[in-house]
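Colleague: Take the sequences, apply the hints, and build the full model.
Protein sequences appear in the order of chains A and B.
Residues 1 to 205 in this note's numbering are what the first sequence lists, from first letter to last.
Residues 1001 to 1205 in this note's numbering are what the second sequence lists, from first letter to last.
To be clear, the hints were calculated from the coordinates, so they are not data collected in a lab.
Any given hint could turn out to be false.
As the list claims (entries may be wrong) - Straight line, CA to CA, 25 Å or less: simulated DSS-like cross-link-like pairs of lysine-lysine:
1) B:Lys1006 x A:Lys77
2) A:Lys56 x A:Lys38
3) A:Lys23 x A:Lys38
4) B:Lys1077 x A:Lys6
5) A:Lys136 x A:Lys77
6) B:Lys1167 x B:Lys1077
7) B:Lys1167 x A:Lys56
8) A:Lys59 x B:Lys1006
9) A:Lys59 x B:Lys1038
10) A:Lys56 x B:Lys1056
11) A:Lys38 x B:Lys1006
12) A:Lys162 x A:Lys136
13) A:Lys56 x A:Lys77
14) B:Lys1056 x A:Lys38
15) A:Lys56 x A:Lys23
16) B:Lys1056 x A:Lys23
17) B:Lys1056 x A:Lys6
18) A:Lys162 x A:Lys56
19) B:Lys1059 x A:Lys6
20) A:Lys6 x B:Lys1038
21) B:Lys1059 x A:Lys38
22) B:Lys1038 x A:Lys56
23) A:Lys23 x B:Lys1023
24) A:Lys38 x B:Lys1038
25) A:Lys38 x B:Lys1077
26) A:Lys23 x B:Lys1038
As the list claims (entries may be wrong) - Facing chain B, a subset of chain A residues (Cβ under 8 Å, in silico):
27) Ser5
28) Asn10
29) Lys38
30) Asn50
31) Asn63
32) Leu69
33) Cys70
34) Asp88
To be verified - Chain A side only, calculated, beta carbon under 10 Å to chain B, not exhaustive:
35) Ile21
36) Cys58
37) Glu96
Even for Gly, the Cβ is constructed at its ideal location relative to N, Cα and C.
There are 2 protein chains.
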Amino acid sequence: MDFSSKLLENAVNEVSQLPGIGKRTALRLVLHLLRQPKEQTGYLTRALDNLVTDIKLCKNCYNISDVELCEICSSHKRDETTICVVEDVRDVMAIENTAQFQGMYHVLGGKISPMEGIGPNNLQIESLVDKVKAGKVKELVFALSSTMEGDTTNFYIYKQVKDLDIKISAIARGISVGDELEYADEVTLGRSILNRIPFENSLRQ
Amino acid sequence: MDFSSKLLENAVNEVSQLPGIGKRTALRLVLHLLRQPKEQTGYLTRALDNLVTDIKLCKNCYNISDVELCEICSSHKRDETTICVVEDVRDVMAIENTAQFQGMYHVLGGKISPMEGIGPNNLQIESLVDKVKAGKVKELVFALSSTMEGDTTNFYIYKQVKDLDIKISAIARGISVGDELEYADEVTLGRSILNRIPFENSLRQ
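Modeller: Next up, the structure:
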């Protein structure tokens, strides 16, 4: 692309560094900002600058937080003995939205992925194992995405805690509520059948 | 969405103001920035801030430019008597890429669109008419997109310059080079037939 302005070119290049945003989309976004009042861009850039400079991770669960100990970890209503292991803040938000989980979280910050150069030491795995060894925890719930990387990460943690006296579970995989059986993939349907539950339990909302 | 951090929430809200970016995509982009080194976000926000504060419009063609008179307007190789009327900088870039146009541009900054509250006075139409009235211009080439708004804008300008002694043309509409006739829409194919050209001309690259 041949730009008529270096300023425009710089802005487009920086925006197109974001994942899933190519040069054309970047140009569209930047031209949108130019059509808005200047303050609008100021709000955007200040919000981003403040975020990356002031953001903290909760010192207990490593979730993104504005304070040292996040809202969930500092709540007295949560069950400290059950810990749900998730990948990032989006998973915490998704599970909190269901209002079905009363325990605590432990945010790994990713999955083990040799292809992307992410090893166990880049994640909050040691702190999780330490937490379990401290003795308060009774159950660990794995809630990573069911991909190769997710399974690897689950298994890596499992090996380190399996001899400790805790229950280790994983969230159920199966057909989505409301889905038609004929359109489900075989692996998911297979798991649904293998991990079938007493009918009375399926009546719970 | 329930965010664990006000800083995160602010950043996501600001990013999701951009066109075509919803809350989920905004969260994904913001989390990407958090995983990058802080400087990366600094480059992005500085590029955007510099753009909106320092950007200039060329005083002749109103294209985005770093200097008072853009490269095209200050070039001695361009034909000052032919002016191509376009909507924004993207159209200038697209036409320059073809290397088929040696004249100058006039960037309107949009199209007349009552629905979006854009009237003739929000666009660089008066300056275009003044330029034509000054007498140097021999041909005006309309290259707005062929939508209702584009046609309205073309016609609005046409009415004001049609009595002046200039040639007024519009870029050709027709089947794309390499396209199959059977997949073309009727309106485009119809225009291709109505505006057919001497066969010898079609041999030019």
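Colleague: Each of the hints needs a verdict: does it hold here or not?
Modeller: Going down the list of hints, with the structure as the test:
1. B:Lys1006 x A:Lys77: At roughly 22 Å apart (the allowed maximum being 25 Å), lysine 77 (chain A) and lysine 1006 (chain B) satisfy the hint.
2. A:Lys56 x A:Lys38: Cα-Cα ~29 Å, so violated.
3. A:Lys23 x A:Lys38: holds (22 Å)
4. B:Lys1077 x A:Lys6: Holds: lysine 1077 (chain B) and lysine 6 (chain A) sit about 22 Å apart, inside 25 Å.
5. A:Lys136 x A:Lys77: Holds, because 16 Å separates the two Cα atoms, which is no more than 25 Å.
6. B:Lys1167 x B:Lys1077: holds (21 Å)
7. B:Lys1167 x A:Lys56: violated (65 Å)
8. A:Lys59 x B:Lys1006: holds (17 Å)
9. A:Lys59 x B:Lys1038: Answer holds: lysine 59 (chain A) to lysine 1038 (chain B) is near 20 Å, not above 25 Å.
10. A:Lys56 x B:Lys1056: violated (39 Å)
11. A:Lys38 x B:Lys1006: holds (23 Å)
12. A:Lys162 x A:Lys136: OK: lysine 162 (chain A) and lysine 136 (chain A) at ~16 Å, within 25 Å.
13. A:Lys56 x A:Lys77: holds (23 Å)
14. B:Lys1056 x A:Lys38: Holds, at roughly 13 Å.
15. A:Lys56 x A:Lys23: violated (32 Å)
16. B:Lys1056 x A:Lys23: Holds, at roughly 21 Å.
17. B:Lys1056 x A:Lys6: holds (11 Å)
18. A:Lys162 x A:Lys56: violated (31 Å)
19. B:Lys1059 x A:Lys6: holds (17 Å)
20. A:Lys6 x B:Lys1038: holds (23 Å)
21. B:Lys1059 x A:Lys38: Satisfied, since the Cα-Cα distance of roughly 20 Å is no more than 25 Å.
22. B:Lys1038 x A:Lys56: holds (13 Å)
23. A:Lys23 x B:Lys1023: Holds. Lysine 23 (chain A) to lysine 1023 (chain B) sits at ~21 Å (cutoff 25 Å).
24. A:Lys38 x B:Lys1038: holds (24 Å)
25. A:Lys38 x B:Lys1077: Between lysine 38 (chain A) and lysine 1077 (chain B) the Cα gap is close to 35 Å, so the pair fails against 25 Å, i.e. violated.
26. A:Lys23 x B:Lys1038: holds (22 Å)
27. Ser5: Holds. Min distance 5 Å.
28. Asn10: holds (5 Å)
29. Lys38: holds (5 Å)
30. Asn50: Since the shortest Cβ distance to chain B is 6 Å, the answer is holds.
31. Asn63: holds (5 Å)
32. Leu69: Constraint on leucine 69 (chain A) not satisfied, violated at 11 Å.
33. Cys70: Since the shortest Cβ distance to chain B is 6 Å, the answer is holds.
34. Asp88: Check passed: Cβ of aspartate 88 (chain A) comes within 7 Å of chain B, closer than 8 Å.
35. Ile21: holds (8 Å)
36. Cys58: holds (8 Å)
37. Glu96: Because about 6 Å separates glutamate 96 (chain A) from the closest Cβ in chain B, which is inside the 10 Å limit, the hint holds.
Violated hints, listed in ascending order, are 2, 7, 10, 15, 18, 25, 32; each of the other numbered hints is respected by the structure.
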